[in-house]
Each structure stands twice: as structure tokens, then as C-alpha cells.
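Note that the protein sequences, when read in sequence, are chains R and P.
Following my numbering, the numbering of the first sequence begins with 1 at its first residue and continues without gaps.
Following my numbering, the numbering of the second sequence begins with 483 at its first residue and continues without gaps.
You may find that some hints are simply not true.
Cβ pair distances, simulated, as ranges [as the list claims (entries may be wrong)]:
(1) P:G709 x R:P204: 36 to 44 Å
(2) P:A684 x R:S337: 54 to 62 Å
(3) P:R800 x R:A222: 26 to 34 Å
(4) P:E617 x R:D59: 39 to 47 Å
(5) R:A222 x P:P643: 25 to 33 Å
(6) R:M1 x P:E617: 35 to 43 Å
(7) P:E617 x R:G170: 34 to 42 Å
(8) R:G40 x P:E617: 49 to 57 Å
(9) P:G522 x R:M1: 35 to 43 Å
(10) P:A684 x R:A48: 38 to 46 Å
(11) R:G444 x P:P643: 26 to 34 Å
(12) P:R913 x R:D23: 40 to 48 Å
Quick look at which bits of chain P chain R covers, simulated, 3 or more residues with Cβ under 8 Å [as the list claims (entries may be wrong)]:
(13) 626-634
(14) 683-692
(15) 762-774
Hint data in this document are derived by calculation from the structure and do not stem from the laboratory.
Quick reminder that beta carbons are idealized off the backbone N, C-alpha and C, glycines included.
Protein chains: 2
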Amino acid sequence: MSRDLPPEEFRVLAHELADWMADYLAGVGALPVSPAVRPGDVRRALPAQPPEVAESLEDVLADFRDIIVPGLTHWNHPGFFGYYAITGSAPGILGEMLAAALNVNAMVWHSSPAATELEEVTTDWLRQLLGLPAEFDGVINDTASSSSLYALAAARDAAFPDAHEKGLFGQSTGRVYASDQAHSSIEKGVLTLGFGQDGYRAIPSDAEFRMRPDALHAAIEADIAAGVRPVAIVATLGTTSSSSIDPVSEIAEVAREFGVWLHVDAAYAGPAAIVPELRPLLAGWQQADSIVVNPHKWLFTPVDCSVLYCRRPERLVRAFSIVPEYLSAPHEPDGESGRNLMDYGVSLGRRFRSLKLWFVLRAFGREGIIERLRAHVAMAKEFTTWIDDSAQWHRVAPTPLSTVAFRFVTAGADAHELDRANLRIVERVNRSGEVLLTHTQLDGHIALRLSIGNLRTTPAHVERAWQLLREAAEGEMASRER
Amino acid sequence: MSRDLPPEEFRVLAHELADWMADYLAGVGALPVSPAVRPGDVRRALPAQPPEVAESLEDVLADFRDIIVPGLTHWNHPGFFGYYAITGSAPGILGEMLAAALNVNAMVWHSSPAATELEEVTTDWLRQLLGLPAEFDGVINDTASSSSLYALAAARDAAFPDAHEKGLFGQSTGRVYASDQAHSSIEKGVLTLGFGQDGYRAIPSDAEFRMRPDALHAAIEADIAAGVRPVAIVATLGTTSSSSIDPVSEIAEVAREFGVWLHVDAAYAGPAAIVPELRPLLAGWQQADSIVVNPHKWLFTPVDCSVLYCRRPERLVRAFSIVPEYLSAPHEPDGESGRNLMDYGVSLGRRFRSLKLWFVLRAFGREGIIERLRAHVAMAKEFTTWIDDSAQWHRVAPTPLSTVAFRFVTAGADAHELDRANLRIVERVNRSGEVLLTHTQLDGHIALRLSIGNLRTTPAHVERAWQLLREAAEGEMASRER
């Protein structure tokens with residue numbers, strides 16, 4: 001007999017959890033979005049030693065409810081406006097439940113054919129929704145950090161054809177270019193690939209935080225003159241701090257002129273291309289060699305799910321493919337064979353991530369996705385009008401999508417005082433437990449961010465955030481007067 | 483109002499899925515373990531275009547049942563003996579359900595404190611169960627490929643202190659050493675880090691497929707004389723082809739002599755250290771700088787869940803830490819702050835993977851884990867006695883754990899004929915749909931593998947595999963006689 005929990009015991013617990021999950025999704029808005037815990041609180045509430053004997057899952061669930069849940073920041077809360085707001089949507093969660101029960105591994109085609117082919121189908125569906133040409137071939141990774149790392153590895157392979165054999169030792173310096181607003185994962189990828197910090201060049205951005213193509217051009221020209229080999233340019237569509245959108249058409253011209261790989265980080269903003277009136281914001285991205293779009297950001301898919309599109313997938317394969325005998329396909333009498341998705345990146349083990357994406361795309365459909373993204377953009381737009389109409393607040397950057405960058409300003413305070421005031425404001429707002437905002441730095445100073453991306457967020461939640469911000473700002477002003 | 487599926491609609495579907503999952507776990511043994519599909523079959527059964535409008539989730543579930551499930555290889559099937567057999571156990575699946583509903587991201591402490599601290603607690607519990615010293619600090623990654631990549635990145639940082647700044651350009655060649663039986667992820671990691679294939683040296687193994695410390699010593703000595711810098715030695719405890727166990731104590735002596743980072747790949751075999759009589763097999767591994775153990779392999783945790791233990795975690799942080807303002811912690815009045823686990827690897831986004839591991843460790847407890855691992859080893863041992871007692875079969879390697887490497891042999895056939903016969907045998911056995919075995923290459927020839935790691939596997943399933951193997955072998959012999 002099976003040595004797992006008996007299926008009938010599992011059934012009872014799974015139903016109990018189904019109710020807990022439904023209650024959670026219905027009631028998460030009433031929980032504090034950020035927990036009232038200090039570092040170490042949760043750890044100290046749990047035993048320091050592992051259990052010697054089996055414990056009842058009812059006890060585990062009780063601890064889950066009493067210790068874990070109150071210690072979480074609730075990303076599925078409608079008042080979550082931090083980082084990039086995301087949604088674990090109901091269809092996506094259902095897909096994850098099934099994937100967990102199946103526990104298949106799509107490392108090679110024959111290790112689970114339907115998992116590989118559903119990944120091909122869903123990434124191709126998403127490509128069509130995004131309006132990208134058919135040459136783009138998609139593969140699902142865990143995060144944009146991994147997707148960008150893999151894209152840059154392919155770019156390295158293109159720039160240093162003998163690096164696969166000889167490595168970077170003894171090669172002339174290679175360099176990757178991204179704007180000073182690019183995500184930290186790009187520099188991390190560059191470090192991982194062995195380029196060092198010298199192998200990364202942050203290109204200045206303009207007053208609206210978009211990479212300056214002239215500065216990019218000059219940097220590459222100077223590098224080539226100095227014997228440095230340009231490896232890749234990374235254009236960001238939707239930067240983390242301000243959601244600015246690099247001028248990708250002009251950047252693509254630079255890439256073409258110098259024959260350099262163009263990678264587009266559209267992890268957050270990519271889904272905007274599904275919305276007809278927003279698609280022009282991304283115009284030109286189809287000229288890239290590779291593009292990353294994260295359905296787990298602004299496309300309602302539970303973490304983790306990042307799609308890497310690559311126009312030259314054979315480059316990815318060349319950078320990564322090593323096929324030992326224990327993973328080779330059984331001999332196919334007719335020579336036909338499926339794709340081995342492990343060859344497109346570092347991770348051999350590959351969860352059945354396409355299942356949740358398939359659930360999301362079908363449950364919402366193109367129309368449903370468009371309607372929801374529009375609602376997010378409309379809420380962000382309304383918030384910007386409040387900011388713009390107020391003397392105490394200043395919008396720090398344009399708001400092309402659903403993320404607003406702004407700050408509290410008041411006459412007579414120096415920049416450093418304002419930085420501290422903004423940090424105190426966001427802290428006070430977050431202490432309410434009703435909403436969560438995060439901060440960033442723009443132009444060398446603290447800015448606050450309100451990112452809208454959760455399906456449960458309504459205009460009332462945004463209004464409440466605005467009210468809490470104003471109250472916190474009034475508190476700041478009152479304490480200045482004292 | 484929320485633009486997600488209404489919670490009450492989710493509740494109904496979640497209960498429906500709870501039943502499907504319980505039925506699946508109860509009945510998976512009656513499904514064909516490998517699907518009767520050809521490449522492209524599943525893809526062609528699905529629409530080539532994405533849905534324009536929302537579809538009912540009942541329709542999606544119908545397609546899931548009718549198209550997807552019949553196209554899967556069922557890793558949760560009790561007759562799954564391929565690759566490394568794994569288990570999506572009931573407790574682990576329950577943990578994944580909750581993690582999907584919560585959808586939190588443990589990238590930094592304050593982005594979800596309990597998720598970070600539960601990761602600290604569960605990896606420390608597992609460390610204690612494994613008998614590793616307290617200096618080992620654990621972090622959860624998706625796969626062993628990623629864990630080993632991160633460990634090797636830390637080793638690179640140790641070997642080339644200025645590589646973080648300058649990269650590998652202009653450095654003397656660096657090299658990583660592993661046995662010729664090491665997993666392909668090690669070479670892939672070496673390629674990713676910019677070392678090239680020249681930066682990887684496969685050390686010969688002995689007649690029992692264990693790395694030869696004398697050959698390792700000689701290779702490093704020769705490399706140093708030639709100006710090559712040794713970066714890391716990777717010892718494998720439980721190689722993929724034969725589950726051989728490198729002599730890690732002797733390898734650790736070599737690492738110490740030359741001051742080289744020692745990484746231990748115990749992705750599969752690690753949990754054996756929980757079983758008192760098996761722990762001596764791994765003796766010496768506690769001398770490593772880093773160790774990878776995958777609870778999603780032989781520890782009943784759904785994919786993905788790989789734990790990287792590092793004795794010098796500050797090396798990992800140095801290799802990867804880049805903290806931009808938008809991820810920095812809110813100012814802590816008393817200077818206290820939690821750990822930011824994103825700093826220990828490439829991926830910024832981090833699913834709540836510790837939750838399922840916590841469920842598994844508590845639901846089974848030390849005793850329960852020991853009992854189950856012992857049962858797997860006992861079944862493998864029994865299978866080896868059948869192989870050893872049969873003239874037609876030959877065990878290719880020792881069987882220290884739960885994975886058996888063997889091949890069909892018959893007098894008068896040359897080695898190449900035997901290779902083809904073994905491939906035909908495994909294909910014929912797998913076509914039964916009752917069990918799944920995979921093949922590998924050992925000593926330059928095809929070997930079959932039977933890996934036991936599923937909680938639903940019983941002695942009857944192993945007996946059935948043996949019967950199917952003998953029948954297929956008889957078919958081979960009959961066709962030779964014709």
C-alpha cells in the first residue's frame with residue numbers, strides 16, 4: 001500500500017483548504033496588508049528543532065493560520081500597491097492546484113509530452129496576443145532574472161563565438177548596455193556571466209527616465225574604439241522605479257548599426273501590448289532579438305511564470321545544450337521527436353507552469369484581459385490627476401501605464417528633509433495595514449510608487465490610499481510647524 | 483468590485499478540483515504511466531489561436547481531462563521508475579495549494595516576513611535532520627541546476643577576488659573539476675559562468691563510477707603547473723547514471739591541500755543522511771563549502787524545491803548582492819532587519835516554497851521519513867537480488883541506495899547488439915504503460931535504470947517491472963533465435 005497520506009484523508013483536507021482558499025480570497029482585503037511583526041518573530045514562534053514523529057496536518061494548518069498568515073505581506077490584497085502589484089487570480093490558482101497534484105517535469109519532451117506542448121501552445125498564444133511576429137519562440141522560466149540571464153548568455157555566445165569552448169579568459173572585454181533605470185537583474189545577470197561590473201555600462205536616461213539613444217551610441221562607439229566588444233543592449237519597457245519606456249525603435253537602430261544583440265525587458269509592461277490603445281507604447285520591440293514578459297506580474301498568473309521570447313532560439317540552445325545519455329530520447333523509429341525545453345536555459349527541472357497560464361488566458365480571453373488592464377490604467381490615471389491637482393504633491397515621472405511615481409513636496413524644506421519626510425509618509429501609510437506602497441529613488445531623491453496590478457483592487461482602494469497619503473502628509477506638515 | 487472570478491465561483495471549482503486531485507492520487511496507478519502520444523499530438527488537439535472571449539472554466543477542465551492528462555507522463559504513478567523517481571506527496575500538494583492562493587514573494591524580508599523566516603526554519607530543520615553542522619546556512623532555489631550554479635559563482639568569487647569588478651577577461655584560465663559521472667548541470671553551470679568547456683575537467687572514475695581522488699590530485703597539480711587556476715571541485719553523492727558516491731573525505735583532503743572550494747551535489751542522495759544506517763555513506767560531506775540537496779527528489783516535496791547549503795553564505799551574497807533603492811528596506815528605527823534571500827542567487831522573485839517543505843517535514847517527521855526511505859532502499863535491494871541471481875541480467879554498478887543500474891546480457895551478442903537490445907527492452911517495457919524505466923550509458927554502453935522514490939510504489943510494482951523486463955528479454959532472445 002501507498003506510504004503517502006491515504007487519498008481519502010487527502011480529500012478531506014483538500015476540501016478544507018478549498019474553503020480556506022475561497023475564504024482567503026473573499027476576505028484578504030480585511031487583513032492587514034503588511035504584518036505587524038519584527039524580524040525574528042515568526043522564527044521564534046516555531047520550534048527550533050524538526051519534529052521527530054509525524055504530526056497531524058490539522059496541527060500544521062492551525063499553526064499556518066495562527067503563525068504564518070499573520071506574518072505575511074499579502075500580495076493578493078486589493079490594497080497592495082507595492083513593487084509591482086500582481087494577482088494570484090482564481091483561474092491561475094486552480095491551475096497551480098492541478099500542477100501540484102500532477103507533479104510532472106517538462107525537462108525533455110518525453111518526460112511529459114503534454115507539459116512541453118502546452119508550453120509551446122500557451123507561449124504562442126501569448127505571442128499572438130502581444131502582436132509579436134511568429135519568429136519569436138517562447139519558453140517559460142521562473143523569473144525575469146533568469147529569462148534575462150539566459151538571453152544575455154545567448155548574446156554572449158553571439159559576440160564571442162569561441163566562448164562556449166574557451167570561456168572569457170583571454171578575451172577582450174565585453175560589455176552590456178542598459179539605462180541607469182534598468183532593473184538590477186540585468187547587472188546581476190552580467191555579473192553571473194563573468195563580465196564583472198566593468199562589463200556593464202549604465203547609459204544615462206533623459207528627464208523622463210528613458211535611455212538616451214545618443215548616449216548609447218556614443219558609449220558603444222567609444223568602447224569599440226577602445227577595443228571593448230559590445231555584447232548586448234537591454235531596453236526596458238516599463239522601468240521599475242517610474243515605469244518609463246525606453247525608445248526601443250531608436251535603440252534598435254543603434255543595435256543594428258553595431259550588430260549587437262537587443263534584449264527587451266518588458267517583464268511588467270509587456271501585457272500592455274494586448275490593449276490596442278497601449279500597444280503603440282511598445283512599438284519597435286518586435287525588432288529585438290529577445291524579449292522577456294512576465295505573466296506573473298501584470299497578467300494575473302501566480303508566481304512564478306516568466307516568458308522569454310527569442311528570435312534566434314538556436315542561440316539559446318547553443319549556449320546551454322548539453323545532452324547526456326540519461327536524458328536522451330528513446331530512439332524514435334520514424335525520426336520524429338519533440339522539443340527538449342531544458343536546452344533553453346539553466347534549470348533542468350521544469351514545473352508545469354504553462355497549465356496556470358493556459359487557465360488564465362482561457363478564463364479571461366483577449367477581451368477580458370483588455371478590460372482588466374484598461375481598468376488598472378484608468379485607476380492609475382485618476383490617481384495622477386489627484387497628485388497633479390495638489391500643491392503638496394508632485395508627480396516625478398510620466399505615467400504611461402498603471403504605476404505612478406510621485407513625492408510629497410513642501411516649500412521651505414530642503415531635498416534631504418523631503419527625502420526623510422517621504423520615507424516617514426510611506427511608513428505611516430503602510431502602518432495603517434490598509435494599503436502597501438513602496439519607495440524608490442529618482443533623480444537622486446526618494447519617490448513613492450503606487451503600482452496597480454491586482455484584480456481585486458477597486459477605485460475605492462486607490463481613493464483610500466490617497467486619503468491615507470494626505471493624512472500622513474498633513475501629519476508631516478503639522479510636525480514641521482511645531 | 484473585484485475583477486477576478488467571484489470567490490464563490492472559485493469555491494465551487496476548488497472543491498471540484500479537490501475531488502479530482504484526490505481521485506487522481508487514488509487512481510493514478512491505473513493510468514498508463516507514459517502517454518500514447520507522438521510529438522505534436524497534444525499541440526494539434528488545441529486551438530492554434532488564443533481565445534478572444536472568456537471561456538468557462540468547466541470547458542477548460544474538460545480539455546484538461548480529455549487532452550492534457552492523457553498526454554502526460556505520470557511522475558506521481560507508483561510504476562514511475564525513470565530518471566529519479568519523485569513524489570508529489572499529499573502534504574506537499576496541500577502546501578502548494580496554499581502557496582498558490584497566497585501568491586507572496588519572499589524576495590526581501592519585508593516583502594513577506596513569514597515566508598523568509600519559514601524558509602530559514604525549514605532549511606535549518608532539514609540541516610539538523612541531515613546531521614550537518616550549524617555553520618551551514620540554507621536557502622531554497624528552484625532546481626539543483628540553479629543551486630550548483632550559485633555555489634560555483636561563489637567559488638569563482640573566491641578564486642578570482644577581482645572578478646566581481648573586472649570579470650574573467652584577461653584572467654588566467656580557471657577550472658572546475660567533477661567526475662565523468664557528474665550531472666550535466668555542473669558543466670552547464672560552468673558554461674554559464676563564462677569558463678567555457680575548457681574551464682571544466684571531467685575526472686576519471688573508478689570501476690564503481692566514483693571519482694578517483696588520485697586523478698583529481700594529479701589534474702589539479704598539472705593545471706597549477708600550467709598556470710590554470712582551480713576554482714571548485716564538485717563531488718557527487720549519488721550520480722545520475724548509477725547512484726555512485728564519490729569518496730568525499732578524500733576529495734575534501736585534495737580541496738584542502740589546494741585551497742579549492744568543495745561543492746557537493748547530493749541532490750538525490752542527500753536525504754539518505756536522515757537514515758542512521760545510510761548516513762555513513764555520505765561521511766565527509768560536512769567538510770564541503772556548499773551542498774545541494776533537493777527535497778523535490780527523494781523527500782516527497784512537489785517540484786520545485788532545491789536547498790543550497792553554504793558554509794560561507796557571505797560568498798554567495800558577495801557574488802550576487804546588488805540592492806537598488808526600490809528594494810531597500812524601510813528604515814528600521816532600531817537598526818534591526820531581516821534577511822533578504824534574493825541576495826543568495828540570481829532569481830529576484832521567490833515563490834513561497836518553504837511552505838510545502840514545512841508540511842512534508844511535519845506530516846512525516848524524522849521517524850516517518852526514515853521508515854519511507856528504508857522501504858525504498860529495501861525494494862531496490864530486493865530487485866538487485868533478482869538481477870544478481872539471473873544469468874540474463876547483469877548489475878552494472880553497486881546499489882548503495884534506491885537506484886539500480888543493470889543491463890540485459892546474452893552470450894554470443896556483441897556489445898553493440900546488446901546496446902540495441904537493451905534499448906528495445908526498455909522501450910517494450912515502457913509501452914506496457916504499467917511502469918516507466920529510463921536508460922543511461924555506463925562504461926560506454928547502454929544500461930537500464932530502476933529508480934525508486936515514489937511513496938505510492940509498493941513491492942508489487944517492482945515485481946511487475948521485473949516481470950515485464952524478463953518478458954521483454956525473452957522476446958529479444960526469441961527474435962535472436964529466428
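Evaluated hints:
Distance hint for G709 of chain P and P204 of chain R: a CB-CB separation of about 40 Å, consistent with the stated range 36 to 44 Å. Distance hint for A684 of chain P and S337 of chain R: a CB-CB separation of about 27 Å, inconsistent with the stated range 54 to 62 Å. In this structure, R800 of chain P and A222 of chain R meet the distance hint of 26 to 34 Å, their C-beta atoms being roughly 30 Å apart. Under the hint 39 to 47 Å, the C-beta atoms of E617 of chain P and D59 of chain R, about 31 Å apart, miss the expected range.
The given range of 25 to 33 Å is respected by A222 of chain R and P643 of chain P, whose C-beta atoms sit roughly 28 Å from each other. For the pair M1 of chain R and E617 of chain P, the beta carbons lie near 41 Å from each other, so the given range of 35 to 43 Å is met. For E617 of chain P and G170 of chain R, the hinted distance range of 34 to 42 Å is satisfied, since their beta carbons lie about 37 Å from each other. As the Cβ distance of G40 of chain R to E617 of chain P is approximately 20 Å, the hint placing it in 49 to 57 Å is violated.
A C-beta distance of roughly 39 Å is found between G522 of chain P and M1 of chain R, which places it inside the suggested range of 35 to 43 Å. Restraint check, A684 of chain P to A48 of chain R: a C-beta distance of roughly 42 Å satisfies the suggested window 38 to 46 Å. Take G444 of chain R and P643 of chain P: their Cβ atoms lie about 31 Å apart, and the range 26 to 34 Å holds. A beta carbon spacing of about 47 Å between R913 of chain P and D23 of chain R agrees with the range 40 to 48 Å that was offered as a hint.
As drawn, the stretch 626-634 of chain P meets chain R at 4 residues by the rule of a beta-carbon pair under 8 Å; at three or more, the given contact holds. With 0 residues carrying a beta carbon less than 8 Å from a beta carbon of chain R, the stretch 683-692 of chain P misses the three-residue requirement, and the given coverage is violated. Counting residues of the stretch 762-774 of chain P whose beta-carbon sits less than 8 Å from any beta-carbon of chain R gives 0, not enough to reach three: the coverage restraint is violated.
The structure fails hints 2, 4, 8, 14 and 15 (numbered hints given earlier, in ascending order).
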